[in-house]
Amino acid sequence: MAELMSHSDFRVALEQAFAGTMAKDASFSRAWAAGKLHKQHFVHWATNHYHYIGPFGDYLGLMYANTPDHARDAKDFLLQNMYEEELSDDRHTDLLIRFAEACGGTRAYVQDRNNAMPFAKGMQGWMYYVSGRENFVVSSAALIVGLESQVPSIYRTQYPTLINEYGFSEWEAEFFDLHITSDEIHGERGYQIVLKYADTPELQQRCLHYVREAADMRFAYTRALYQTYVEPDLGPWVEEDERQPALVG
Amino acid sequence: MPRIYFKTVDRYVEFAEGEEVNVLRMAIREHCDVPWQCASGNCGTDRLLVEDGAENLDPPRRRERARLGDLVDAGYRLACQTYTRGDVTFSWDPDQVGLDDEPGSGGGSRAGWAGTG
Ligand code: FES
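Chains as they are written, first to last, in our numbering: chain A, 1 to 249; chain B, 1 to 117.
Okay, chain B solo, but in the shape it has when bound (with noise of 0.2 Å):
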């Protein structure tokens, strides 16, 4: 079975073979505290590091491209519009905040205020 590596957390999450599937949405299934807010491409607060597996992801696209501009050559991607179809490892700074946002502005994870524990 393929699986995503949540790196940061240590946490193996596994999928059907065959199958795309989006990391956000199997970061919060599996509660791997991957911070996120809008899930639309707007806010960049989940923004990962491919350290493996990029050749398995599905392209960026327009959204992606314009709220990462140069990160995605950098190796980022954001999970709310990523798909994959095999192994990756992703990392992130669990701190980090919407690329609009200051840290400490409380731009962060919406895991904490909205999650459903």
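So here's chain A without its partners, still in its complex pose (with noise of 0.2 Å):
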């Protein structure tokens, strides 16, 4: 039977829960951090990730409702993060669009469900679950711990490759600039209120089982747009320093 971990100790859990399936790590992320996408790639990544963020205000919004009074933080917290998804600035799902279109896309072709993967949909379908049907702690856990605070560590390799190698400008980039920053906060304000609330042993290791999941589903699905967009153009991805001896020899 598992005890109930200090805040520190069970910080450390959170962090190690999703160590070792970051979506950054993935084929996709690889090849687009090492310069290897087309534009056409990134225009199938964007339709795809509206569909799986593109609700994200709805989700907040379940978990909000499933969120007790007593709990007024963490309620303030989902309303301010769902406004700023939505009101605060530029709506986030265009931000997602303008770079859609820098890269040759179209609004419609982006927005349109029969674009998306399999996998896309499965990702939507599992952040409806879990915010309409969990704790509001363990969805918290789930989806601001376990995927809200990676994207940082994703968006901060990706970003200065947009400009560098790809060329795109800073305003045809900007959805992944607001991310780097405004993920950090939402990442923590997570983990935070996860601390706080995850109060027994028993919701500390549903955090942790949720977690663990929620970064299993993202790894998959940000390989899935490899093999499903990439691979029939670039073949299986192979690390450069992998690639390497095989040039060599």
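Derived by calculation from the structure, the hints in this document are not laboratory data. Note that the structure is a prediction, hence the values are computed from the model and not measured. A virtual CB, placed ideally from N, CA and C, is assigned to each residue, including glycine.
Here are the in silico distance ranges between beta carbons for each label pair:
| # | chain 1 | residue 1 | chain 2 | residue 2 | range |
| --- | --- | --- | --- | --- | --- |
| 1 | B | D95 | A | D112 | 48 to 56 Å |
| 2 | B | A54 | A | A220 | 38 to 46 Å |
| 3 | A | D90 | B | V9 | 29 to 37 Å |
| 4 | B | G69 | A | Y129 | 41 to 49 Å |
| 5 | B | N56 | A | I163 | 17 to 25 Å |
Partial selection, computed: residues in chain B whose CB lies under 8 Å from chain A:
| # | residue |
| --- | --- |
| 6 | R29 |
| 7 | C38 |
| 8 | A39 |
| 9 | S40 |
| 10 | G41 |
| 11 | N42 |
| 12 | R61 |
| 13 | R62 |
| 14 | R63 |
| 15 | C80 |
| 16 | Q81 |
To give an idea of the interface, some chain B residues facing chain A are shown, with a C-beta separation under 8 Å as derived from the structure:
| # | residue |
| --- | --- |
| 17 | N22 |
| 18 | L24 |
| 19 | R25 |
| 20 | I28 |
Given two chains presented individually in distinct reference frames, assemble the corresponding complex, making use of the accompanying hints.
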């Protein structure tokens, strides 16, 4: 039977729960950071990403409804997060479509659900399920710690490549710049809520379970992006340092 | 270990060698009372004067340059937009509000109403 962990031990356990399966290490992310992708690949990425994170306000709204009144700070955080996704500035999905258009895509193509992979629809369904059916602290662990807090580590590698190697302007790539920093803060606030309200061993273990599941889901989804759209053009992904001996030899 | 000195509240926050950390994230994590609102470079509530260690900070990107304007040359950075990889010292006015808000308008720290305590 698990014991109740201290906040610091629980935080380390949460960080370790997704350390081995971070989406930044999946083949699509690695090819992106290495400057290997074509603009058409980015259109597919944006389309799938739209169907995965487009309803983020919905997911947060379900979590808000599941959060009890005594956890006022958690409710306020969810509301703030929702507002920032949708209203505080450019709508985040509009920034995503701006990027897709800079790659030659169209709003209609991105928004058409028929153009998304089954994996993207699976991510969306999983997020509706967790946010609608789970205890708010567990869904916060899954969606905010397990998924949203990974975002800065992904985009901090990919954003400079977009500007310096792929030649996008800062305006075209604003979606990424915005999320590098806003998701740092959302992720941190998510940690604080989970640390505070996961106050039984059972809740802590359930949070860890869902953080692992979230990381696995996102990793599999990101790998599927490569297999579906990039592999037919570039072949299976091989890291540069593994590629090198073959080229020399 | 490198550390951020939040001079206004006299707090040091350490982080691992070789890491780059977001300044506002560290302030929130360690409850250092940096005022903030939007976390996305819009409001300017979290502007900090860099007193030392500017060479350890990443250069300001478009949103931060647009929001701060001349304040960048005066040594200010937005905590939410800034990453550091080494020692740095920041100070600020504890009562400061967003750059578009009037003092006393309530446009200051969101930590007050959304803090997790
Ligand atoms: S908190 Fe608004 S600009 Fe940083």
